[in-house]
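Asker: In case you want the letters, here they are:
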Amino acid sequence: MSRTLVMDSFLLADAESVVARARAGDAAALEAIYRAFESPVYNLARRICRSVEDAEDVLQETFFEVCRSIRTFRAEGSLWGWIRTIAASKALMRLRRNKYRDTDELHDEVMAFRREDVGLRMDLEAALERLSDTARAVVWLHDVEGYTHDEIAALMGKTTSFSKSQLARAHHRLRRWLGEEVTA
Amino acid sequence: MSAHLSLEQLLALREPGVEPGTTEARDHLERCAACAEEFRRLEQRAARLRALPALRPSRDQWAAVQGRLAAEQRRRRVRWAGVGSVALAASLLAAVVVRDLAAPARLEASTELGSVMAQSRMLEEAIRAYGPEARVVDGYTAAVAGQLEERIARLDRELESSQFLDAAERQDVMVQLWRERVGLLDALVDVHLASASNVGL
Numbered sequence: 001m002s003r004t005l006v007m008d009s010f011l012l013a014d015a016e017s018v019v020a021r022a023r024a025g026d027a028a029a030l031e032a033i034y035r036a037f038e039s040p041v042y043n044l045a046r047r048i049c050r051s052v053e054d055a056e057d058v059l060q061e062t063f064f065e066v067c068r069s070i071r072t073f074r075a076e077g078s079l080w081g082w083i084r085t086i087a088a089s090k091a092l093m094r095l096r097r098n099k100y101r102d103t104d105e106l107h108d109e110v111m112a113f114r115r116e117d118v119g120l121r122m123d124l125e126a127a128l129e130r131l132s133d134t135a136r137a138v139v140w141l142h143d144v145e146g147y148t149h150d151e152i153a154a155l156m157g158k159t160t161s162f163s164k165s166q167l168a169r170a171h172h173r174l175r176r177w178l179g180e181e182v183t184a
Numbered sequence: 185m186s187a188h189l190s191l192e193q194l195l196a197l198r199e200p201g202v203e204p205g206t207t208e209a210r211d212h213l214e215r216c217a218a219c220a221e222e223f224r225r226l227e228q229r230a231a232r233l234r235a236l237p238a239l240r241p242s243r244d245q246w247a248a249v250q251g252r253l254a255a256e257q258r259r260r261r262v263r264w265a266g267v268g269s270v271a272l273a274a275s276l277l278a279a280v281v282v283r284d285l286a287a288p289a290r291l292e293a294s295t296e297l298g299s300v301m302a303q304s305r306m307l308e309e310a311i312r313a314y315g316p317e318a319r320v321v322d323g324y325t326a327a328v329a330g331q332l333e334e335r336i337a338r339l340d341r342e343l344e345s346s347q348f349l350d351a352a353e354r355q356d357v358m359v360q361l362w363r364e365r366v367g368l369l370d371a372l373v374d375v376h377l378a379s380a381s382n383v384g385l
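Those sequence lines, one after another, are chains X and F.
For the first sequence, the residue numbers in the working numbering are 1 to 184.
For the second sequence, the residue numbers in the working numbering are 185 to 385.
The hints are simulated quantities; they were obtained by calculation from the structure and are not laboratory data.
Cβ coordinates follow ideal geometry from the N, Cα and C atoms, glycine included.
Check before you lean on any hint, since a few could be wrong.
[Stated by the list, open to error] Pair ranges (Cβ atoms, derived):
1. X/R71 - F/L239: 26 to 34 Å
2. X/E76 - F/S345: 52 to 60 Å
3. F/E214 - X/D26: 33 to 41 Å
4. X/D26 - F/T295: 37 to 45 Å
5. F/R198 - X/A27: 24 to 32 Å
Based on the provided sequences and hints, a complete structural model is requested.
Answerer: This is how it looks when you write it as structure tokens:
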């Protein structure tokens, strides 16, 4: 059983019947789906987006889309897998819009300015927050959500090698900021 | 292979399947303690990322989702049933219908941008003509309208910021933002339309 299918049964008891009712337009079933997946969707959105406001917008947009499109969901697939892809796509769309704030040049400039404090060990949460939006999104989607580079590339409208290089870049930085660099 | 493995090579070892070069890298990993240690740290870092605490929303968004769904459903109902005899409702409805007729299947980005901007203007004029600020509405309508207006204001800030994007990207992003603005204005028209219909205007 895939990880996302396990998540379905963990988060929503009797997922199959709830989905069937939701597909028939049952408002209570739609709300049950929202209640079950609200937290993981928000967590994904918040880890990818910079602000609480953006993450809340993504949460709202995701479930608006879920409710509108539940009839198109194929029952044999994973509900969480389907919802998660909608959420990831909405979150990445938001990043794309905010991209002017996150050019690599600007990011590198800021990082160079802050480089002095990298000797101090950062905790993982702070280090993750400090990554560029794109690198953070890739590392989260790949290492936490389990997306493949091909899937990330498709979600981002980029190439597989772009996803791979962003992941490597993210790990280089995390390693340095967490004080895990090999000195030999 | 005598040199240590690069981070890119170590990352490739975590991927399913065998890419060119990974067999050799795997052999090296078995023999090199430093690379094995680096690989272990990489795995641990990923595990620690997965173990970060789950972040939860501070506000319940379900009411807002329901509000948007209800507005969309009303729009569909109104479109089919019509509220023809009500002058105010008719003017708002006209804006919605004209917008739909004007909706292009897929136009060139620049044409599309002009089109969605025109739709946005038309909907805004319809709302202005209705004058919602001078009307008494129920709490639910006020809350949904308030949320929509807040989102429109946020979208406007994003539109201002989109000026800083590269020319190549700006157009697509602006079309997308203006489309969303039309969607939100459309929902706002529906909210007022439903409110007007309910009080028999």
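Asker: Verify the CB-CB distance for F/E214 and X/D26 against the hinted window 33 to 41 Å.
Answerer: Once the Cβ atoms are compared, 56 Å apart, the range 33 to 41 Å for X/D26 and F/E214 is violated.
Asker: Take the C-beta atom of X/D26 and the C-beta atom of F/T295, compute their distance, and say whether it sits inside 37 to 45 Å.
Answerer: 42 Å, holds
Asker: May I ask you to test the hint 52 to 60 Å on the CB atoms belonging to X/E76 and F/S345?
Answerer: The hinted range 52 to 60 Å is violated for X/E76 and F/S345, with Cβ atoms some 42 Å apart.
Asker: CB of X/R71 to CB of F/L239, is that within 26 to 34 Å?
Answerer: 30 Å, holds
Asker: Is the hinted range of 24 to 32 Å satisfied by the C-beta distance from F/R198 to X/A27?
Answerer: 43 Å, violated
When the structure is compared with the earlier hints, violations turn up for hints 2, 3 and 5 and for no others.
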